[in-house]
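Listed below, chain by chain, are the residues.
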Amino acid sequence: MSETITVPTMAEMAAQGKSPEVLFWVGCAGSFDDRAKKITKAFVKILNKAGVDFAVLGTEESCTGDPAKRAGNEFLFQMQAVTNIEVLNAYEIKKIVTACPHCFNTIKNEYPQLGGEYEVVHHTQLLTSLLEEGRLQIEGGKFKGKRITFHDPCYLGRANNVYEAPRELIRKLDAELVEMKNCRKKGLCCGAGGAQMFKESEPGNQEVNIKRTEQALETQPDVIAAGCPFCNTMMTDGVKNKEKEGAIEVLDVAELIANAEDL
Amino acid sequence: MSWIPQIIFAVILFLGIAYFTRNIRKIVRNIKLGKKIDRTDNPGERWKHMTRIALGQQKMVVRPVAGLMHIIVYVGFIIINIEVLEIIIDGLFGTHRIFAPLGSVYDFLIGSFEILALLVIVAVTVFWLRRNTLKLSRFWYPEMKGWPKKDADYILYFELVLMVLFLTMNGADYQLQQMGADHYVQAGAFPVSQFLAPLFDGLTEGALVIIERTAWWLHIVGILIFLNYLYYSKHLHILLAFPNTWFANLKPMGQFNNLESVTKEVKLMMDPDADPFAAPDPAEDEGEPEKFGASDVMDLNQVQLLNAYTCTECGRCTNECPASQTGKKLSPRKIMMDTRDRLEEVGKNIDSNNGEFVGDGKQLLGDYITAEELWACTSCNACVQACPVSINPLSIIMDMRRYLVMEQSAAPAELNNMMSNVENNGAPWPFNQMDRLNWKND
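The listed protein sequences derive, respectively, from chains A and B.
So in my numbering, spot 44 of the first sequence is number 44, and the numbers just go up one at a time.
So in my numbering, spot 120 of the second sequence is number 1120, and the numbers just go up one at a time.
Some clues are possibly wrong.
Here are the simulated lysine-lysine pairs, DSS-like style, with alpha carbons at most 25 Å apart [claimed, not checked]:
no.: 1; chain 1: B; residue 1: 1251; chain 2: A; residue 2: 94
no.: 2; chain 1: B; residue 1: 1440; chain 2: A; residue 2: 94
no.: 3; chain 1: A; residue 1: 94; chain 2: B; residue 2: 1267
no.: 4; chain 1: A; residue 1: 18; chain 2: B; residue 2: 1267
no.: 5; chain 1: B; residue 1: 1251; chain 2: A; residue 2: 185
no.: 6; chain 1: A; residue 1: 181; chain 2: B; residue 2: 1267
no.: 7; chain 1: A; residue 1: 211; chain 2: B; residue 2: 1135
no.: 8; chain 1: A; residue 1: 181; chain 2: B; residue 2: 1059
no.: 9; chain 1: A; residue 1: 199; chain 2: B; residue 2: 1251
no.: 10; chain 1: B; residue 1: 1135; chain 2: A; residue 2: 186
no.: 11; chain 1: A; residue 1: 142; chain 2: A; residue 2: 185
Hints were generated in silico from the structure; no laboratory data involved.
Nothing here was measured: the structure is a model prediction, and the numbers come from that model.
Please build the complete structure, drawing on both the sequences and the hints.
In structure tokens, the structure reads:
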């Protein structure tokens, strides 16, 4: 992959007296998790290619507080929220895009009451609008004719009713979109939500990600597409558990688009 | 002496309604033990939501077989209630088929009641088979042992018996009409009960009158008993589904409420001008500081308690729950049943202590719902989406997690690690915030 990506920070922009069209909220997974960092880069490459005027907070970004809130620590959540809102408001941010449905949900739904009101979109929504505006073209490329199943992230789908944006993008790849038996409103969780990502699961007879991976495998996909770094991790682990990592890729929708174009 | 049955009828009707009213008032009182919550915004949207979900049964048909059967029983019961109106008027005034002068309209009404009654019998039989012969897994979870299982079956028996009585009453009436018996006006169409004729073959007019009257009395008394049974049963949903959907959460499912009591303290902590040693402003003194989260039913809000009474234990939530599907202890249905059972226990405590709750050393957390159940939740909202009457088990789980974490510091150790990472380096993992942009150069 070419390494010529341009990632301006808000601080740099502000120093030049500029303000970007949209702030890219990278999120903790997108910043630190080795797998998720690839998603971040893929998305940035698309933004660069489409000439989107964006910036990131960089070291001024901090956890939205989502995992703390879902774990029950409302104090920590609000401390994080209020701190982040101060930064965002200081830069007079109007529009935010993020590739993490947890950040998306939290900033979109839980920040306004605490003084942080922004237009918040998921990266798949931004990409579809770039398509509609003609700023981005997608061609099938290497995914043409491939079977791709999309795993609905709970915090994007049920939580916020975004089901179609990621699917539209997959269809644009000339791929065959195949649905799992539980999809859209009835989508089965990957097992990571509600702070489960950070703890061992409670005793049971199966891991949730294995169950979900089995549903995905039933569709005999070439690719399992995800729209959330945590779902991505869970599904990747599930595919490894089933020893299918040689045959099936787990990729974020942004990676599908970037890879199709060999960005 | 001809007015004696009318008096008996009036007394039974009065007692039936009075006892029911008394129990409904108890439910209202118990719900009011919860915290106030404003769910009166956007009334237009609320009426629409109620019409779609409760009246229109929109979410029932997500599962087509159960949904269709349920609509039959639901429509059957609503429409057959027009007949109950006639029965009540007849009972009070000693008339017989008072609506008969409606003529062909009356024929149409009675005819449709009969067809619906037959359909209800079919649907109720299918329901019984699903529970007891097919043994659909969601009806056999641990929380369904004992009373909940019996309750579900009793409701089906009740409905079956009421419909059979209704058709028997009509069948005997039809025979009497054909005999030209006194008092039995020629009215109504009997597309179903006319086929009961062989059963009445050779019976005298007197015997038929006894059958007709017995079925008539048992039917109306049965309805009053059923009405009063509601309070003791999951069947309360036939009434509470309406307010419950009206007061439903209309915001995006992913939006969890921000605790205002916390906001106040956080704002104070973040305010550089705040004097941490200032004496508390007496005007702002609100007595005991508010408890964070919920450990008992009184800590929940009134809509959550209404949710608990509305739950009809169908188990669609638990069926869709990823934790439950993978053998974890969590069952969202059990969360609702436990909340209701504890609330009933608290209500009974108040009843037997002259209107005052006397601590019983028990609470919802621990005695009913265990921490293990609460920590198994992925907050995925599948249960909320699945509920056909807009119940939200997730909000109760979250409130109880809040209590565990903020009042008891009882989070699992790994979550404590995650939270201290968030607190210290602004990420759930131990990475330095200053390295947040390093991905750019990887």
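Going down the list of hints, with the structure as the test:
1. At most 25 Å may separate the alpha-carbon atoms for a hinted pair to count; residue 1251(B) and residue 94(A) meet this at roughly 22 Å.
2. Of the pairs offered as hints, the one joining residue 1440(B) and residue 94(A) holds, with about 24 Å between alpha carbons and a cut-off of 25 Å not exceeded.
3. Between residue 94(A) and residue 1267(B) the CA atoms are separated by roughly 23 Å; this keeps the pair inside 25 Å, and the hint holds.
4. For a cut-off of 25 Å, the pair hint linking residue 18(A) to residue 1267(B) is broken: about 30 Å separates their Cα positions.
5. Note on residue 1251(B) and residue 185(A): the hinted pairing holds, with a Cα-Cα distance of about 16 Å set against a maximum of 25 Å.
6. Restraint check: the Cα-Cα separation between residue 181(A) and residue 1267(B) comes to about 46 Å, which exceeds 25 Å; the hinted pair is violated.
7. Between residue 211(A) and residue 1135(B) the CA atoms are separated by roughly 23 Å; this keeps the pair inside 25 Å, and the hint holds.
8. Distance hint between residue 181(A) and residue 1059(B) is fulfilled; the C-alpha atoms sit about 18 Å from each other, no more than 25 Å.
9. Note on residue 199(A) and residue 1251(B): the hinted pairing is violated, with a Cα-Cα distance of about 29 Å set against a maximum of 25 Å.
10. Distance hint between residue 1135(B) and residue 186(A) is fulfilled; the C-alpha atoms sit about 23 Å from each other, no more than 25 Å.
11. Proposed proximity of residue 142(A) and residue 185(A) is contradicted: the alpha carbons are some 30 Å apart, above 25 Å.
Of the hints listed earlier, those the structure fails to meet are numbers 4, 6, 9, 11, in rising order.
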